[in-house]
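**Q** Chain by chain, the residues run as shown.
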Amino acid sequence: MRDHSRDDARVRAGRALRLSLLIALALLFLIPFYLLVRNGLSSESDITSPEWTFFPSTMRWGNIEELFDDTSVPFARSLLNSSLIAVATTLGTLLLASLAGYGLARIPYRHANKVFYAILGTLMVPASVTFVPTFVLVSSLGWVSTLRGLIVPTLFSAFACFIFRQYFLGFPRELEDAARVDGLGYWRTYWRVVVPNSRPVFAAVGTIVFIGAWNSFLWPLVIGQDRDAWTVQVALSSFTTSQVIRLHELFIAAAVSIVPLLVVFLFFQRWIVAGVERSGIDD
Amino acid sequence: MTTTAPREQKATGRRKLWGHQNRTLWFWVFVGPFLLGLGVFTYIPLGWSVYLSFFDAHNTVTPDDFVGLGNYTDMLRNEAFTDSLWTFLVFSLFIVPATYALSLALALMVHRQRRAQAFFRSVFFLPAACSYVVAALIWKMSIFNGVRFGLANTVLGWFGGDQIAWLSTTDPPWYWAVIVTVRLWLQAGFYMVLFLAGLQRISPTLYEAAAVDGARPGWQVFRHITFPQLRATSVAVVLLLVINAFQAFDEFYNLLSDSRGYPPYARPPLVYLYYTALGQGQNLGLGSAGAVLLALIIAVVTVGQAKWFGLGRKEAE
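Line order of the protein sequences matches chains A and B.
Counted from 1, the first sequence has number 53 at position 53 by this note's numbering; the numbering is strictly sequential.
Counted from 1, the second sequence has number 172 at position 172 by this note's numbering; the numbering is strictly sequential.
Hints may contain errors.
Said to hold, decoys possible - Some but not every residue of chain A turned toward chain B, in silico, with C-beta under 7 Å:
#1 Leu35
#2 Thr48
#3 Pro50
#4 Leu96
#5 Tyr102
#6 Thr130
#7 Val132
#8 Thr134
#9 Leu137
Stated by the list, open to error - Derived list of chain B stretches under chain A, where covered just means 3 residues or more per stretch with a C-beta under 8 Å from a C-beta of chain A:
#10 37–43
#11 127–134
#12 243–253
#13 294–301
No lab work stands behind these hints: they were computed from the structure.
Backbone N, C-alpha and C define an ideal beta-carbon position, used for all residues, glycine too.
This is chain A alone, in the form it adopts within the complex (with noise of 0.2 Å):
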């Protein structure tokens, strides 16, 4: 009796040391979220000032307008540019790395894993590798600081392709069977059949590659050479850099930035570590 409420409490105690530990690291994880958006509606004096406080003084909502207002910073521009990249890229790759893995999942083909292993062999080059001689084809083809050159280069992933084929090959075999059955060829069963019934997999992948693309930085800094094809990380970064920006603007517009993509993530993230946990990435 007197082992067992020992124990008792011992397991307790566990539990409350566990829960203040998470509760702490998770006030530390937010943290720099917390100083994203206290610095954005700040002035630029409390931002610098030496008395650090936990609130600003005032709060200056219209910070947002002033970025918006202000002509030397091309940052309305870079937030289309961002858009229009992230929803382009996201979509291109979708509909290439889809068809693909279907078509290495359940095209039977005496080749297929041959071809398999020649695109997943490029997972074992780092993309970022490549980007000397990508720069250098991509401005062979003068396409330097055009949306094309941003997009296109971007579109032929194969860790989404990977992840499509895995999950094709667990697709279930009787629901392709009835539209063979209905006369349907493999092009009209994979619309028909096999996309509607993957939409999971799809968000998934789908929210990763929005992700990337909007994070993006090395390639859209090497190719968006003129401020008309800056995206907001290009944008946010050369503010960083430069010694004209007003902080309070930067951290607004930092903060701006980020809205999209905590929209997305919130709204998809169940998918997400579905999509990562079915990946095989770990098996």
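Following the hints, put chain B in place on chain A, whose structure we already have.
**A** Same frame as chain A, but now just chain B:
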């Protein structure tokens, strides 16, 4: 098509094309566009890179001054490049074990947490939606700012510590604290999710058996059941961490460069290559040689590690 039944051979050309009997054709309709793009934007650049690396190519992509292995020997003798490899090595010695330990610890705690599990998972995963550019801004301009203001120095002040110029102090190298914490914050949640997935796959019967054998919950169970069962996940996590560390660019570039340029210290290979190939000299030949060397190192490390730890092998026993 030789095995096709005579009845089907009589099919019209249209049916042959659109019916599902022509599998090879349909395979290429589905896979072809993707493979073509991958060829143009991955294989061709790779080949071109190898080609360029044998030429003296300043500002041109069609050079005619063949230098053989000259670029490679220059690169390997170049202190700036070898220093960049050391920077990577130091960086990964910090970041790989730190991220591994933190993400595993987070996963273990979140996994056992009954109430509000989804909340904690979201909070730790949330930074994954943040870009390195934005995170670097917060780190550089708000937490680890210079001597006058900044959260880290404010907190140090509370405890009577001296103010530190975090990003420009090279002795001791305080800038590492900034660079390592920003990546730790951004990526720990993602690897936590991988570990959570691994934890969910461990069969409860193993824990029951351990309890029957008298293993104390806590350290003993972790050491003899949980940790060995997470082997495959661990291997994948370490592999991804090393590869990602090799590609470090965004936070170094955004934390350390300013309007005066990039300081000579703490340049990982990609930052170095960026300035070599696309900086003032536009030395594409030398940059390509560096890129090829880097790719080779990554391939050796990846394959070696996979062999060493037996990646792809299913859980033993």
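**Q** Decide, hint by hint, whether the structure agrees.
**A** Structure-based check of each hint:
1. Taken as an interface hint, Leu35/A checks out: its beta carbon lies about 5 Å from the nearest beta carbon of chain B, inside 7 Å.
2. Interface restraint check: Thr48/A against chain B, minimum CB-CB distance 5 Å, threshold 7 Å, status holds.
3. Restraint check, Pro50/A versus chain B: the minimum CB separation of about 5 Å is within 7 Å; hint holds.
4. For the restraint placing Leu96/A at the interface with chain B, the shortest Cβ-Cβ distance is roughly 5 Å, inside the 7 Å limit, so the hint holds.
5. Restraint check, Tyr102/A versus chain B: the minimum CB separation of about 6 Å is within 7 Å; hint holds.
6. Checking Thr130/A against chain B: minimum C-beta separation of about 5 Å stays under 7 Å; hint holds.
7. At its closest, the beta carbon of Val132/A sits 5 Å from a beta carbon of chain B; the interface hint therefore holds under the 7 Å criterion.
8. A cut of 7 Å between beta carbons decides the hint on Thr134/A: the least distance to chain B is about 4 Å, and the hint holds.
9. About 5 Å separates the beta-carbon of Leu137/A from the nearest beta-carbon of chain B, less than 7 Å, and the hint is met.
10. Only residues whose C-beta sits within less than 8 Å of a C-beta in chain A count toward coverage, and the segment 37–43 of chain B has 6 of them, enough to reach three; the restraint holds.
11. Remark: the segment 127–134 of chain B is confirmed as covered by chain A, as 8 of its residues place a Cβ nearer than 8 Å to a Cβ of that chain, reaching the required three.
12. Three residues within the 8 Å Cβ limit are the bar, and the segment 243–253 of chain B against chain A gives 6, so the coverage statement holds.
13. For the segment 294–301 of chain B, the stated coverage by chain A holds: 4 residues have a C-beta nearer than 8 Å to a C-beta of that chain, and at least 3 were required.
Figure legend: structure checked against the earlier numbered hints; every hint is met.
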